[in-house]
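Q: Just so you know, we're using my numbering here: the sequence shown kicks off at 1162 and counts up by one.
Straight-line distance between alpha carbons at most 30 Å, and here's what the computed DSSO-like set of lysine-lysine pairs gives: (1) LYS1170 to LYS1710; (2) LYS1208 to LYS1545; (3) LYS1714 to LYS1208; (4) LYS1696 to LYS1734; (5) LYS1739 to LYS1727.
Now the in silico label distances, taken between C-beta atoms and shown as ranges: (6) LYS1545 to TYR1338: 49 to 59 Å; (7) ASN1235 to ARG1197: 22 to 32 Å; (8) THR1648 to PHE1528: 53 to 63 Å; (9) ALA1441 to GLY1773: 53 to 63 Å; (10) GLY1744 to SER1644: 19 to 29 Å.
If you're looking for bench data, these hints aren't it; they were derived computationally from the structure.
Don't be surprised by glycine CBs; every beta carbon is placed ideally from N, CA and C.
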Amino acid sequence: MSNDRSLGKKILDLVGGEKNISGITHCATRLRMLLRDDSVANNNRDKIKNLDGVIDVAETGGQYQVIIGPAVANVYDDLVDGTNLNSDNSDVDDGPKSGNILSRLLDVVAGIFTPLLPLLAGSGVLRGVVLLLVQLKWLSNTSGTYHILTAASTAVFYFLPILLAITSAEKFKVNKYVSAAIMGSLIMPEITNIMGSHGNGVVTHFFGIPIVLMTYTSTVIPAILAIWCLSYLERWLKRVIPESLQLLFVPLISLFIMVPLTAGLFGPFGVYVGEGISNAINFLMNYNGWIAGALVGGAWNVFVIFGLQWAVNPVMIQNISRLGFDQIVPLTAAANFGMAGATLGTFFRTHDKKMKAYSMSALLSIFFAGITEPSIYGVGVRYKKPLIAAVAGGAVGGAFIGGMHVKAFAFVFGGLTTLPAFVGSTFVSYVIGLAICFAVALAITLVIGINEEADIKTKTDAVGNTKAVSDELIQQPLSGVVSDLATANDPAFASGAMGQGMVINPDDDTVYAPFDGTVTMLFNTHHAIGITSSKGAEVMIHIGIDTVKLNGKYFNALVKQGDIVKSGEALIKFDKDKIKGAGYDLSTFVIVTNTNAYKEVRLVAADSGNHGRNTLQVTL
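Make the full structure from the sequences, and use the hints.
A: The following block contains the structure:
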């Protein structure tokens, strides 16, 4: 892979290329991929993490996530450029459906809302500026300037069903123009004129079928449900209508069926469900804002780690669209400023110049963009204690913000640049609450420290990700004659480029676990396996030279990737005689792939012996 390849293309290569990706999207900070074969990406995990511009790699509910930070949109565009991964005529869902129902639902929600987040944030800040100017008496709310700026800042919410129809169409792979027309028809004057001044619940008829009319401007759920249904209808129509007639009849029939169906079924259902969820959360916030604020403010950063924030984001958007304000957005900002305080505390406590620079960069990311992932992964997850401080700060400040019923008037990420979105009667309480979050987290981090001394005994990559390691003895995984790695017949292994270790000329046909640990990599040909010990050693056992060409023939894996194994547990059986008979060298390599984490990897037994004896020692 050429060094001058762009970041997106490097990631594409390392996860197995376009053909290995069955689905891809991105949120505000991370690439989210569904892979047909995880083994390629898992094998290259460290290479991906060590790329300049990559913060971390995570796997959640079947999703392979590469955490980039605020530049993720550019990396995503670069990755999909020149591929069919996000084109309208590609079928990215052909591959196996990975992940559980929750992870797939979150992936759908993220894919639908992510393209709108910049517009929602920009509109929200503009709306906040307008409100601020009115409160300062610098702008009259009866002037033409006020009405034009109000229209500019609130249009996104009025036409939200149409915008969601477009992004839903992109996610569900249907015609986006037909989708926009379906939801656009429901906010046409013809519909609103029928309702008159009566509001929701007016009954009209479509070919004698009663339809309950609703107000669809600013709604969220009806558009998603309608376009999801359209995706099935459109695919069916394309199967039954000759291709020469599809240009006319697919849109025609889609509009004829989906507009009344949405107005009569999906629309009212979506409106009532959306209002129900919104009312329930708002009831909890109003019933005891102190407790609700502490829970949300404290847990939000943990939600971000697992991507669960996408389940709540639509509720916040729905509140602002329907009510004109929301009380959850300020609590997410509380979590952001708790993380900011912990990050600044880390800046003061660390003695590592690189970490000082990294923590300051991550802090600015929160202040100016409301993006916390660089701090969460590079500081919180790395040192653990700052994450505890951030949770505590978010909980304490969040309790105050919730108890004071602080309102946000736009959906924004909490940072200094988005303060205008909170301008109103509770603005002062919001600022005080953020200061509490920041101060508490900062103070706790300064008091409890960051365990930097313990972090010295870790493997640390260029962006601050760590894996704990310690001194360890590694057992011989296969009976046979043990030799120094430099004597191996394979130059790639003998050179030590893949790590230090040993080579075994096997007397047996079974590979055993060399320690207690986890199977972190298993080649689909079963000729090689990766296992990580409970003490941090990462070992690859590679059976034979060029045996990958056998495509798994004569190899039988007794475990699967992700299994927890005990020392001496059988991992792989192979037919030694048939592999030799096929002309292959059975030299088996035992490589410590994280050699750089240790001061020394030493061979302590270089002779004939059975599996289970100590043969390698790794020392810090």
